[in-house]
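Q: Fit chain B to the given chain A structure using the hints.
Chain by chain, the residues:
There are 2 protein chains.
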Amino acid sequence: MSAAVSLPLERELAVVCVSGGMDSAVTAAIAADRNRLAFLHASYGQRTASKERDCFHRLADHMRVERRLEITIPALALIGGSSLTDESVPIRHGAPEPGVVPATYVPFRNANILAAAVSWAEAIAAHAVFYGAVWADSSGYPDCRPEFYRAFESAVRAGTRPEARIGVVTPVIHMRKAEIVRRGMELGVPFEWTWSCYESWREACGECESCLLRRRGFAEAGVVDPIHYRAPVKP
Amino acid sequence: MSAAVSLPLERELAVVCVSGGMDSAVTAAIAADRNRLAFLHASYGQRTASKERDCFHRLADHMRVERRLEITIPALALIGGSSLTDESVPIRHGAPEPGVVPATYVPFRNANILAAAVSWAEAIAAHAVFYGAVWADSSGYPDCRPEFYRAFESAVRAGTRPEARIGVVTPVIHMRKAEIVRRGMELGVPFEWTWSCYESWREACGECESCLLRRRGFAEAGVVDPIHYRAPVKP
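Same order as they appear, the protein sequences are chains A and B. Going by our numbering, the residue at position 218 of the first sequence is 218; the numbering climbs one at a time, nothing skipped. Here our numbering runs 235 ahead of the position in the second sequence, where the first position is 1.
Think of the hints as simulated: they come from the structure by calculation, not from any bench. Glycine included, each C-beta is placed from N, C-alpha and C at the ideal position. Do not take every clue at face value.
As the list claims (entries may be wrong) - Quick look at which bits of chain A chain B covers, simulated, 3 or more residues with Cβ under 8 Å:
1) 71–83
2) 105–113
3) 120–134
4) 148–159
As the list claims (entries may be wrong) - Calculated Cβ distances over 10 Å to all of chain B for the following chain A residues:
5) Ala32
6) Arg34
7) Asn35
8) Arg53
9) Glu66
10) Ala95
11) Asp137
12) Glu179
13) Glu199
14) Ala219
15) Ala221
16) His228
Chain A extracted, bound-state conformation (with noise of 0.2 Å):
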């Protein structure tokens, strides 16, 4: 008998919702750590889906994923209810208020692309669907928590085949901008090459929403932002 080799095992294949947003950039990359990845994109309709796309391909590109899907839920913009997918409706810039869902709450967005996603790991034998929700440091919006990802987790155990066993999993929830900040700079996150503000301008507003809790996690983490912005920190 020969002696026992111990083989490496094939890593398994995870779908990666990669919005362009640094959550998900760095979700990717704790994700990578342990599966084959295949990165899904999707365009609802917000105003910063081509921005968003070039960077979901800049960080494929870095990241070296070959498996990309682009979607459109073209429903989610018919539907409107939110100021992302309707123009007529302002950006609200400042900061977000507690208890209050946002005007830029799409509604059970978060639902539409996971179901997608799932569909597409039910298609290509994928063993896990990651997405980078963020509920800890958030503009509270309903779909971004942890319940609604284990409740999602239960419909997508009962609603696939038997043998395909999808995980749902969310490693950034958790935590706070900080955190997610410092957790990407050790993964060596590209964050140059991500997008979270709301508006679609050659730069990143810096007073939405979105823009202030990414400036306060890069701020308390004590790591410069590498992007930049339209307005100056204000004091």
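A: Just chain B, lined up with the frame of chain A:
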């Protein structure tokens, strides 16, 4: 003081996912008993989409439903993995095999449709989404299981605004096809304007899984199916 007048309570608004098939038509008739209705149809690249949309509008006209939304879910056709959305995979004719998920299964399709329906329900302040899934007497698609809808409803409660309180209602899920036919007859469902066949020929093929389940249901109920079939009933 004037005498107290008992005003009729305004009926609540509900979204019904209407495919154009018989199960969702009966579901709509059941929902109409206690709700004002809004109809949603989803095209996801299925070969029968235009037949279905025609039935969708005829049923909506018949039931005097003004509020209608037709959406497309292009991701499902892009992802593939099903003979319903991939013209190169032929539709298998014959009865479903017990315990086998058939090639007509579109991975996690119902979650994609439901997610969009819930987004619409949240945007228009509807209190429920009705879905005509059938498990008792069906092709065995995993996303038709009762557990899937229970888990999805939990995801809806967790993932929408607290005040939304949207239920997911599947009134025919435990009914056999014959029972659905009988219930539809009682409620005056115009079965002549429903399309169940997986093919998009002028007449229903009469031999695909979906036609066979429908024909058996009408036969068991002792009701004449008002639509025409290309293939005669097998002896």
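Q: Decide, hint by hint, whether the structure agrees.
A: Status of each hint after checking the structure:
1. 71–83: Result for this restraint: holds, n = 10.
2. 105–113: holds (count 8)
3. 120–134: holds (count 3)
4. 148–159: holds (count 10)
5. Ala32: holds, 23 Å
6. Arg34: Arg34 (chain A) is indeed farther than 10 Å from all Cβ atoms of chain B, at 24 Å.
7. Asn35: The claim stands: Asn35 (chain A) keeps its Cβ more than 10 Å from every Cβ of chain B (closest is about 19 Å).
8. Arg53: For Arg53 (chain A), whose nearest Cβ neighbour in chain B is about 15 Å away, the distance exceeds 10 Å, so it holds.
9. Glu66: For Glu66 (chain A), whose nearest Cβ neighbour in chain B is about 17 Å away, the distance exceeds 10 Å, so it holds.
10. Ala95: Ala95 (chain A) clear of chain B: closest Cβ-Cβ about 20 Å, beyond 10 Å.
11. Asp137: holds, 19 Å
12. Glu179: At roughly 23 Å from the nearest Cβ of chain B, Glu179 (chain A) sits farther out than 10 Å, so the non-interface label holds.
13. Glu199: holds, 23 Å
14. Ala219: Since the minimum Cβ distance to chain B is about 30 Å, Ala219 (chain A) lies beyond 10 Å and the statement holds.
15. Ala221: holds, 29 Å
16. His228: Check passes; 33 Å lies beyond 10 Å.
Of the numbered hints given earlier, the model fails none.
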